[in-house]
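Student: Please construct the entire structure, taking both the sequences and the accompanying hints into account.
Residue numbers (my numbering), protein chains in the order written: chain A, 447 to 603; chain B, 8 to 303; chain C, 275 to 1048.
A few of these clues could be false.
[As the list claims (entries may be wrong)] Facing chain B, a subset of chain A residues (Cβ under 7 Å, in silico):
{"#": "1", "residue": "Ser448"}
{"#": "2", "residue": "Leu449"}
{"#": "3", "residue": "Val451"}
{"#": "4", "residue": "Ala468"}
{"#": "5", "residue": "His469"}
{"#": "6", "residue": "Gly492"}
{"#": "7", "residue": "Glu504"}
{"#": "8", "residue": "Ser505"}
{"#": "9", "residue": "Leu510"}
{"#": "10", "residue": "Pro512"}
{"#": "11", "residue": "Asp515"}
{"#": "12", "residue": "Gly577"}
{"#": "13", "residue": "Gly580"}
[Said to hold, decoys possible] Okay, derived cross-link-like pairs now, DSS-like style, lysine-lysine, Cα gap no bigger than 25 Å in a straight line:
{"#": "14", "chain 1": "B", "residue 1": "Lys175", "chain 2": "C", "residue 2": "Lys961"}
{"#": "15", "chain 1": "C", "residue 1": "Lys926", "chain 2": "C", "residue 2": "Lys281"}
{"#": "16", "chain 1": "B", "residue 1": "Lys273", "chain 2": "C", "residue 2": "Lys961"}
{"#": "17", "chain 1": "C", "residue 1": "Lys696", "chain 2": "C", "residue 2": "Lys707"}
{"#": "18", "chain 1": "C", "residue 1": "Lys954", "chain 2": "B", "residue 2": "Lys273"}
{"#": "19", "chain 1": "A", "residue 1": "Lys450", "chain 2": "B", "residue 2": "Lys61"}
[Stated by the list, open to error] Which stretches of chain A does chain C cover? Using the computed rule of at least three CB atoms under 8 Å from a CB of chain C, they are:
{"#": "20", "segment": "473 to 487"}
{"#": "21", "segment": "517 to 525"}
{"#": "22", "segment": "547 to 561"}
To be clear, the hints were calculated from the coordinates, so they are not data collected in a lab.
This structure is a prediction, so every number in the text was calculated from the model and none was measured.
C-beta atoms are modelled at their ideal positions from N, C-alpha and C, and glycine is treated no differently.
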Amino acid sequence: MSLKVEIELTLNGATARASVPAHWSALTALRQTFDLAGAKLACGEGECGSCTVIVDGESVNSCLMPAVDLNGRTVRTVEGLWTDDGVDPVQRAFIEKGAVQCGFCTPGMIMQARYLLDRNSDITDAEIRRGLEGNVCRCTGYTKIVDAVITAARAAA
Amino acid sequence: MSETASQAVPRIEAYYAPTSLEEAVEQIAAGDVAIVAGGTDLMVTANGALRRIKRGLMNIRHVPGLDGIAETGGRIRIGALATMTDILESDLLRAKAPILPATADRFASVQIRNAASVGGNIANASPAADMVIPLLCLDAEVELASWKDGAVSTRTLPITDYFTGPGKSKREAGELITAVEFDAQGAGGHAAFFKTGPRPALEIAIVSMGFMARIDGGTLSDIRIAFGAVAPTPIRAPETEKLLDGQTLDDDLIARALESADTEIKPIDDVRGTAWYRRRLARVYLEEELRNVLEG
Amino acid sequence: MSKVIEKDILVGTRVPKMDAPDKATGRTRYVNDMVLPRMLVAKILRTDRVHAKILRIDTSKARALPGVHAVITADDTPQFGIGVLKDNPPLKKDKVRCIRDEIAAVAAETEDICDEALALIEVEYEDLPPVFDCTEALAEGAPVIHEDRPDNIAMVNEFSSGDIARAEAESDHIVEGDYNVHYVTHCNMGVSCAVADVDYDGKVTLYSQTQYPFIMKMDIAPSLGVHPGDIRIIQPPVGGAFGSKLDVYPYEPICVFLAQKTRRPVKLIFSRSEEFIASPTRQPVEFKIRAGMKADGTLTFRDIDTLLNNGGYTSWGATTPYVTMRTCSSHYRVPDIKYRARAVYTNNPFAGSFRGYGNVQATWAIETHMDRMAEVAGLDPLEFRLKNANESGDVSPQGSKLNNIDLKGCLQIAADKSDFLKKWAEYKEGWNKPGRYKRGIGIAASLHNAGGAKIHKSDGCGTILKMDDYARVTVITGASDIGQGIDTVIAQLVAEELGIPVRDVTLVMNDSATGPWDVGVHASRTTYIAGNSAKRAALKAKEQILRGAAKQSNLTWEQLDLRGGHVVQADNGEAIIPLDRLLRQMHFAGQDAELVMVTDYYEPPSEPEDENHVGDMSAAYSHAAQVTEVTVDTFTGEVKIDQIWWVQDVGKVINLTTLEGQVEGGIAMGLGYGLSENLKIENGIVKNPFFRDYHVFTAPEMPPIDMTFIETLDEEGPAGAKGIAELPTIVPAPSIGNAVYNATGVRIYHPPLSPETVARALFDADAGKAMAAE
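Tutor: Written out as C-alpha cells, the structure reads:
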C-alpha cells in the first residue's frame, strides 16, 4: 500500500482533516474519506466533468487532482451549496427548469455553472455553452441546462 | 501471462511538497519521483487513482518562483506552473503575444484550463500538445533546473530543438521545467491558431497550426509556421517560412507555400484521422490563413 | 355558502421532476455510490484475444495475495449461458470469442488489491483464426465461432408479403442502395455497476441498473443455480441506461457468484474504458435495398436484405430486426414487401438494445433511400413522402393498425415552419457554385410503436395504490425509472384524478419485492402502460372514496368529484368535505372500517406477432418528422447543424418539461449517431475507448430545436398520451445526411458523417467529376 499523507483543508466551510493514500485522486478522497458522493467518477480522465468541484475559487476535475494536493485548499462540492440560506439559485433553477434527468452529471454540471456565474453573472448563452464544454450529459441535450444557468444568473442579478 | 491485467498497482512510498527550488531539484536528483503540478496529464488514464507512478510523488505547487507571467528586459517569462487560464486571462499576453491566449482558448475544457500548466504541457511531449504550437512560433526557450554540485543549476533549450519524439524530449531525468521565455519583440505581430474539430476545444487536435508574421504593406516577414499532430513532435515549417519571407502574397505564392508545407509534414494514420486527412487539413488551414493575410 | 373549487388540471403542465431536488443537491445515491457493511469490491479479468482456446488459467498467486477473498473462474461456477440464445456463459471455460470475454474475477478488500490480483492471474491461450466480417463469416470454411452453429448464423428473421416479382415488373423505376450503419454505444454517465448480497438461505439481493427487473429474475436464475423466486432485484437510481440494461450481462452473475462465495456483499464496477469495450453496442447493420415505384412516385415494393454483425454472443442486438422489419414494412405505404435479416457470429464485440432499437438503423436506410427515390421520380423530398405517407385507418402489411396517426401533419408542419421547399430549391442551386461553405436542408420521418410492444407474453404493468389518513397517496408501481421521469408522470396522473397536489404523491418503485410485475422500461412504453395502470388505480380509489362520501350525502357517488383536497359536488364544484377528514371517517368506522387501497394490472390491447411476423404488436403508433438545416465546410468536411425543426405526434402532452427534455436529449443522441459517434472496432479491438475519441455531443454543438407536438389524443393512452422517447433518437441522422446532400450534391451512405468522411466523399466526388471531364 501507498504511503498515507495527512491533509487539512477547508471543505464546504469547515475544517476537515484526513490521512489519504498518496496515489488517490481528490475525487476518491472526497467520496470515500469525506463521504461526499455528489461528485461522480464517470470517466476518471477529465473528459466528462462529472467530478467537478471548486478549489480555491477555480473549477477543476477532481478526478485529475491528487488527493494530497487538497492540503491547505478551500473546496466546495455540490453538498456545500445548500446552506442556511437555502439551496443555491443554480440548484433551484436546475430543479425547476427540467435540467435534471438521470442526474449523474448534475452535481458536476451545477458546480461548473456555479463557477461560471461566480466569474461572470452577466453571462450569455454562448458563453455558458463554451463554459460547460467539459461537462458531458447524455440525457438532456443541454438545452434545459443552459436555460437553468441563464435563469439562475437572472435570479441573482 | 495475461496482458490485460498489466496495469501496475500504485505504491507510493514517499511524498514531497518542497517549498523551495533547491529542495525540489535536490529531491528530483535523488531520483524516482513523479512530478505533479496541475495533475491533468499525470492522472490521465487513471481511474480514481494514479497509475503510471513512481516510488515518490512530488507536488511542486508550493515552490516559489514557478508561477506568474511577467516581462523583464524585453523577455516574457511564463512560469511552469502558470495555468492555461492564467495565459488566457493575461493582459500582458493579450497585448504582447496574442497567439498564446488564442491557443489557451482552444485548450480542452474550462476545468482542464484551470489546472493544466504550461510546464506540464511541455513535459508531456505529446505530438498534439496545443500550447507547444504557439511557443514554437515564438521561438521560446525552455528553462530547466537541476541539482549540480550542491546547488541549483539551470540551462535553457530552444523549444524548436526540445522534442525528440512522442513523449520524448531532451529534458534529462534530474531536470525540472521551471519556465518558458521568449522575446517580447516580434511576439505581438499578426498571429493565428487553428485546430480541428467541430467542438471548440475539447478535442485532441487532428491537426493544429500556429502562424505568426509581420505584415508590412503586402509584404511578409518574420514568418513562423508551426504544426501539431502531423509528425512525431510538434514542428516548425522552416522551408515554407523561408519561401514566404520578404515576399508579397499572391495566388501563385500561396500555391507554392501549400506544396512546400505538404513536404515538411510527416503525418500518419491513427484512430483520430488518416494521413490523407491530416495533409488536407494542414493545407486548408495554411491556405485559409494566407488568404486572410492577403485579403487583410 | 360553501366554497367552490375548480378542478386542478395537471396533465399538460410543467411539473418539475420529483427526484430533481435530491439529484441537484447531491443527496441521491446511485448504484455506483453504494456502500454496504463489510462490502468487498470486485473486478473482472478480461481476455486480450479475439478468438482463442483457453489452455490454462492459473489463479494460485492471486488467491494467495493478502486481502483477496475470492478468485473465480469457469471451474467455480455453473456453466449456463445467458443472453437471448443462452450462448454466453458468464465466465469462459474452453475458448474466448471476443475481446471483452470474462476469464476470471476477484473479490477483495480494495480496488487496488483487485488490480494486483488480476495482474497475478496467468492465462495461456492458443490463438484461433478470427473472422470479423459478416460475409466472410458466412463463407465456406470460415472460422466457426460456436461449434454448435457451424454456419455462424445466430438468427434469421424473414418477412414477406405480396409478390415482389410482379411488383418489380409493374414498377417504372427501381432504386437500389447499400447502407451500412456503424457501432455506437450508450455512454451512460454511470458506468456498469452491480452490488450483490446473499443471505444464509441462499436468497439473492441484486442491486442492479437493470431496466427489466421482473423478467431479469427468470433470465439470471439458471446461470446462478438459484430459483428465480429467491432473487430480489433492487434498482437504485442509475446514471442513464438507454436500453443498455435489457439483458443479463456476465458481470451481474459474476458479482453474485463472488457474493455467494465470500458470504459478503460484493460491488463490481467498470472503468470507463471497460464500459466502452465491454458493454453492449448498438447493432451494426449492412442493408441492401431494392425499392420500386410507379412513374408518378407511388411506391410499389421494397426488397431488403440485411446482415447483422452479431459478434461473439447473442444479446438483443440480434433481435433488432423485429423493429427494423416493422419500419421497412410499415413506414410509408408499400404494398409488396420482402425482408430478410441474418445475424452472423464474428469475433467482434456484441450488440444489445439501444434507444430506438432497430429503428435508428432502419430509418437511416429507409429515409436516405426515400430521398434518392424522390430525386429519381422528379419530385421534391416533401411531395414524395406526402404522396406515400400512411394515413389513419391504414393496416400495414405486418398488421399494424395505424389508427389515429398524423404522418402527413408531422411532415407538413416541419416543412412549413422551416420554409423547407424554398430553401431546398435554393441550396440545390449552390452545388456547382464556388465557395467553401455550403448550406443544405434535409427532411426525414419515422414511425415507432407508441403503445408498448408485445414481445413478451404480457406487456402489462401493475400498480398498488393506497391512501393514508392525511390524504397522502402512495403509488407502488412496477415501472422502472431510469431518469426519464415516470415517477412524475404517474404522480401527475394520479394527483389529477384524486384532486390533490403532486407533492402529496409518493412513488415506491424500483424493487421487485414491492412492485407488481412490469415488462420493463423499453419500447417507449412506460408512460403509456404504467401511466394507464396508475390512472386506472387512481380511478378505482376515487370511486371508493366517492362511494364513501355518498353514504353521508344526498348525492350519488357519480355526482361527486375530488378537487383541491375536498370532495365536491361535480356540477358546481361546491366543497362537501375535506378529503383527509373523509378518509379518517372511512378508516375509523368500527366494523364498517375501510382503507383506500386498490390494485390494477393493465394489459394493453395489442397482439404478439404470429410466426409470419404479422400482428398488431403495439396499442398505438406515432410518427415524427425532422427538418435539419446545416452548413458544410467543404474544405474540412465539418458539418454544423444550424437549426432543427421537430414535429412529433405525442398523443397528448402530459408533462411539457419532461417531454421536451426527452426530445432534446433524444435528438442529441441522434445527432451523435449521424455526425460524430463511432465506436471504432478494428480486427475485433475497440480503438477509441475514451470520451475524447468517441465524441458524444457537447453543449456548444447543440443547435436550437424548434419543437411542435401534435396531440392526436390516443383513445387508449393515459389522458390520450402516446409513448415518445425513442423517435427523437431515430429520426435525426437521415435528416442530416439528406441536408448534406442538398448542400453538396454528394450522397453519403454510411454514417457517421464525420468531418473526414465528408471531406473524403467531397474530394472523391470532385476527382470523379474531373476524370469525367477529361
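Student: It remains to establish, for every hint, whether it holds in the given structure.
Tutor: Do the hints match the structure? See the list:
1. Evaluation of the serine 448 of chain A hint against chain B yields a held restraint, the C-beta minimum of about 4 Å falling below 7 Å.
2. Proximity of leucine 449 of chain A to chain B holds as hinted, the smallest CB-CB distance being about 5 Å (cut-off 7 Å).
3. Hint on valine 451 of chain A holds. Least Cβ distance to chain B is approximately 5 Å, under the 7 Å limit.
4. The beta carbon of alanine 468 of chain A comes within 4 Å of a beta carbon in chain B, closer than 7 Å, and the hint placing it at the interface holds.
5. The interface hint given for histidine 469 of chain A holds, since its Cβ lies 4 Å from the closest Cβ of chain B, which is under the 7 Å cut-off.
6. Because the beta carbon of glycine 492 of chain A sits about 6 Å from the nearest beta carbon in chain B, less than 7 Å, this interface hint is met.
7. Interface hint at glutamate 504 of chain A: satisfied, since its Cβ lies 4 Å from the closest Cβ of chain B, which is below the 7 Å cut-off.
8. Satisfaction of the interface hint for serine 505 of chain A is found here, the shortest Cβ-Cβ separation to chain B being roughly 5 Å, below the 7 Å cut-off.
9. Against a cut-off of 7 Å between C-beta atoms, the interface hint on leucine 510 of chain A holds, since the closest Cβ of chain B lies about 4 Å away.
10. At a threshold of 7 Å, the smallest CB-CB gap from proline 512 of chain A to chain B is about 5 Å, leaving the interface hint in force.
11. Taken as an interface hint, aspartate 515 of chain A checks out: its beta carbon lies about 6 Å from the nearest beta carbon of chain B, inside 7 Å.
12. Taking 7 Å as the C-beta cut-off, the interface hint given for glycine 577 of chain A holds, the closest approach to chain B being about 6 Å.
13. Because the beta carbon of glycine 580 of chain A sits about 2 Å from the nearest beta carbon in chain B, less than 7 Å, this interface hint is met.
14. Restraint check for lysine 175 of chain B and lysine 961 of chain C: the C-alpha separation of about 23 Å stays at or below 25 Å, so the hint holds.
15. At roughly 19 Å between alpha-carbon atoms, lysine 926 of chain C and lysine 281 of chain C fall within 25 Å of each other, so this suggested pair holds.
16. For the given pair, lysine 273 of chain B sits about 22 Å from lysine 961 of chain C by alpha-carbon distance, which is consistent with the 25 Å threshold.
17. A hinted pair counts as satisfied when its Cα atoms are at most 25 Å apart, and lysine 696 of chain C with lysine 707 of chain C qualifies at roughly 18 Å.
18. Between lysine 954 of chain C and lysine 273 of chain B, the direct Cα distance comes to roughly 24 Å. Compliance with the 25 Å bound is thereby established for this hinted pair.
19. Between lysine 450 of chain A and lysine 61 of chain B, the direct Cα distance comes to roughly 15 Å. Compliance with the 25 Å bound is thereby established for this hinted pair.
20. Residue count for the segment 473 to 487 of chain A with a Cβ under 8 Å from a Cβ of chain C: 7. That meets the three needed, and the coverage hint holds.
21. Coverage of a stretch by a chain is defined here by at least three residues with a beta carbon nearer than 8 Å to that chain's beta carbons; for the segment 517 to 525 of chain A and chain C the count is 3, and the condition holds.
22. With a cut-off of 8 Å between beta carbons, the segment 547 to 561 of chain A has 8 residues touching chain C; three or more are needed, and the interface restraint holds.
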